[in-house]
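Required output: the full structure, derived from the provided sequences and hints.
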Amino acid sequence: MSQLPSHESTSNTPTVQLADGLASALTRNIAALAERRRLEDERATADQRIARTITRFAGSMWFVYLHAAVVLAWVAINLGWTGFAPFDETFVILATVASVEAIFISTFILIAQNRAAEAADRRADLDLQISLLSEHEVTHLIRLLTAIAEKLGVEEARSPELEELKRNVAPEAVLERLEEESDDP
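Numbering of the sequence shown is given in the working numbering, commencing with residue 1 and proceeding in unit increments.
Source of the hints: derived by calculation from the structure; they are not laboratory data.
As the structure is a prediction and not an experimental result, all values here were calculated from the model.
A few of these clues could be false.
[Claimed, not checked] What follows is a list of derived Cβ distance ranges for each label pair:
| id | residue 1 | residue 2 | range |
| --- | --- | --- | --- |
| 1 | Asp47 | Glu176 | 36 to 42 Å |
| 2 | Trp81 | Glu35 | 53 to 59 Å |
| 3 | Thr96 | Arg38 | 39 to 45 Å |
| 4 | Ile30 | Asp121 | 17 to 23 Å |
[Stated by the list, open to error] Derived SDA-like pairs (lysine to any residue); straight-line CA-CA distance at most 25 Å:
| id | residue 1 | residue 2 |
| --- | --- | --- |
| 5 | Lys166 | Leu141 |
| 6 | Lys151 | Val138 |
| 7 | Lys166 | His136 |
| 8 | Lys151 | Glu137 |
| 9 | Lys166 | Ile142 |
| 10 | Lys151 | Arg167 |
| 11 | Lys151 | His136 |
| 12 | Lys166 | Arg143 |
| 13 | Lys166 | Leu144 |
| 14 | Lys151 | His140 |
| 15 | Lys166 | Ser131 |
| 16 | Lys151 | Leu162 |
| 17 | Lys166 | Leu145 |
| 18 | Lys166 | Arg177 |
| 19 | Lys166 | Gln129 |
| 20 | Lys151 | Glu163 |
| 21 | Lys166 | Glu155 |
| 22 | Lys166 | Ala147 |
| 23 | Lys166 | Glu156 |
| 24 | Lys151 | Glu161 |
| 25 | Lys166 | Glu137 |
| 26 | Lys166 | Leu178 |
| 27 | Lys166 | Ala149 |
| 28 | Lys166 | Asp127 |
| 29 | Lys166 | Glu150 |
| 30 | Lys166 | Leu152 |
| 31 | Lys151 | Leu165 |
| 32 | Lys166 | Gly153 |
| 33 | Lys166 | Thr146 |
| 34 | Lys166 | Val138 |
| 35 | Lys166 | His140 |
| 36 | Lys166 | Glu135 |
| 37 | Lys166 | Leu132 |
| 38 | Lys166 | Thr139 |
| 39 | Lys166 | Leu133 |
| 40 | Lys166 | Ser134 |
C-beta atoms are modelled at their ideal positions from N, C-alpha and C, and glycine is treated no differently.
Right, here's the structure in full:
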């Protein structure tokens, strides 16, 4: 990929801009995520693939069109509007078929939602780990910059806020505090 010439200063840009407009780190991350999804799809069981396919179809307009056509034809035939002999004049069979179909479609949707929830949980765990790592790195950088600022005699290095910022956050303490706050009326 070729780099675009830039007329702007790149001092604020952490990565190189590529011809497609995306930064190289972003392009690499997108590729890694796409590969991860591809691998997850490959690892899916046959049951999961079937459920996903049915759920996708059930959530499409083609599903709506197909059902509209079947129900209209069913009603037209059983009201005697066509040359075909009615077979469900009370529409009991139609209601039964629709009920059974709804049970199965609901089950497939629940399977898909469970899989989506598992993926969301994995992403949340990853986000938390990255956030904790970032917090640790930033804390370390604050310590280093404070030491440099003190050595250079920069007045801001004596800010009381910096002492608090130089301490690592204990995630379990934050969670406990959040739980305490949410339990209060």
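Evaluated hints:
A hinted range of 36 to 42 Å for the beta carbons of aspartate 47 and glutamate 176 is consistent with their spacing of about 40 Å. Range check, tryptophan 81 to glutamate 35: Cβ separation about 55 Å, and the 53 to 59 Å hint holds. About 41 Å separates the C-beta atoms of threonine 96 and arginine 38, a value consistent with the hinted range of 39 to 45 Å. The beta-carbon spacing between isoleucine 30 and aspartate 121, approximately 22 Å, falls within the hinted interval of 17 to 23 Å.
With a C-alpha separation of about 9 Å, the suggested pairing of lysine 166 with leucine 141 holds against the 25 Å cut-off. Our distance criterion of 25 Å between C-alpha atoms is met by lysine 151 and valine 138, whose separation comes to about 20 Å. With a C-alpha separation of about 10 Å, the suggested pairing of lysine 166 with histidine 136 holds against the 25 Å cut-off. Of the supplied pair hints, the one linking lysine 151 and glutamate 137 holds, its CA atoms being roughly 21 Å apart against a limit of 25 Å.
Of the supplied pair hints, the one linking lysine 166 and isoleucine 142 holds, its CA atoms being roughly 6 Å apart against a limit of 25 Å. The straight-line distance between the Cα atoms of lysine 151 and arginine 167 is roughly 20 Å, inside the 25 Å bound, and the hint therefore holds. Among the hinted pairs, lysine 151 with histidine 136 is consistent with the structure: their alpha-carbon atoms are about 23 Å apart, no more than 25 Å. For a cut-off of 25 Å, the pair hint linking lysine 166 to arginine 143 stands: about 6 Å separates their Cα positions.
Distance check on the hinted pair: lysine 166 and leucine 144 sit about 9 Å apart at the alpha-carbon level, within 25 Å; holds. A distance of roughly 17 Å separates the Cα atoms of lysine 151 and histidine 140; the hinted pair therefore holds under the 25 Å criterion. Restraint check for lysine 166 and serine 131: the C-alpha separation of about 16 Å stays at or below 25 Å, so the hint holds. Restraint check for lysine 151 and leucine 162: satisfied, since their Cα atoms lie roughly 15 Å apart, inside the 25 Å limit.
For the hint linking lysine 166 to leucine 145, the alpha-carbon distance of about 10 Å falls within 25 Å, and the restraint holds. Annotation: proposed proximity of lysine 166 to arginine 177 holds, straight-line Cα distance about 20 Å (limit 25 Å). A distance of roughly 19 Å separates the Cα atoms of lysine 166 and glutamine 129; the hinted pair therefore holds under the 25 Å criterion. Taken as a hint, the lysine 151 and glutamate 163 pair is honoured in the structure, with Cα atoms around 16 Å apart against an allowance of 25 Å.
Our distance criterion of 25 Å between C-alpha atoms is met by lysine 166 and glutamate 155, whose separation comes to about 17 Å. Simply put, lysine 166 and alanine 147 have alpha-carbon atoms about 11 Å apart, close enough for the 25 Å limit, and the pair holds. At roughly 14 Å between alpha-carbon atoms, lysine 166 and glutamate 156 fall within 25 Å of each other, so this suggested pair holds. The straight-line distance between the Cα atoms of lysine 151 and glutamate 161 is roughly 18 Å, inside the 25 Å bound, and the hint therefore holds.
Of the pairs offered as hints, the one joining lysine 166 and glutamate 137 holds, with about 11 Å between alpha carbons and a cut-off of 25 Å not exceeded. A hinted pair counts as satisfied when its Cα atoms are at most 25 Å apart, and lysine 166 with leucine 178 qualifies at roughly 22 Å. At roughly 14 Å between alpha-carbon atoms, lysine 166 and alanine 149 fall within 25 Å of each other, so this suggested pair holds. At roughly 22 Å between alpha-carbon atoms, lysine 166 and aspartate 127 fall within 25 Å of each other, so this suggested pair holds.
With a CA separation close to 14 Å, the supplied pair lysine 166 and glutamate 150 stays within the 25 Å bound. Between lysine 166 and leucine 152 the alpha-carbon distance is near 19 Å, which keeps this suggested pair within the 25 Å criterion. Between the alpha carbons of lysine 151 and leucine 165 the distance comes to roughly 19 Å, so the proposed pair stays at or under 25 Å and holds. This hinted pair checks out: lysine 166 and glycine 153 have alpha carbons roughly 18 Å apart, not beyond 25 Å.
Straight-line distance between C-alpha atoms of lysine 166 and threonine 146 comes to about 9 Å, which keeps the hinted pair within the 25 Å bound. Of the supplied pair hints, the one linking lysine 166 and valine 138 holds, its CA atoms being roughly 9 Å apart against a limit of 25 Å. This hinted pair checks out: lysine 166 and histidine 140 have alpha carbons roughly 7 Å apart, not beyond 25 Å. For the proposed pair lysine 166 and glutamate 135, the alpha carbon gap of about 10 Å is at most 25 Å, so the pair holds.
In summary, the hint linking lysine 166 to leucine 132 is supported, as the alpha carbons are separated by about 14 Å, within the 25 Å threshold. Of the pairs offered as hints, the one joining lysine 166 and threonine 139 holds, with about 5 Å between alpha carbons and a cut-off of 25 Å not exceeded. At roughly 14 Å between alpha-carbon atoms, lysine 166 and leucine 133 fall within 25 Å of each other, so this suggested pair holds. At roughly 13 Å between alpha-carbon atoms, lysine 166 and serine 134 fall within 25 Å of each other, so this suggested pair holds.
Comparing the model with each earlier hint shows no violations; every hint is respected.
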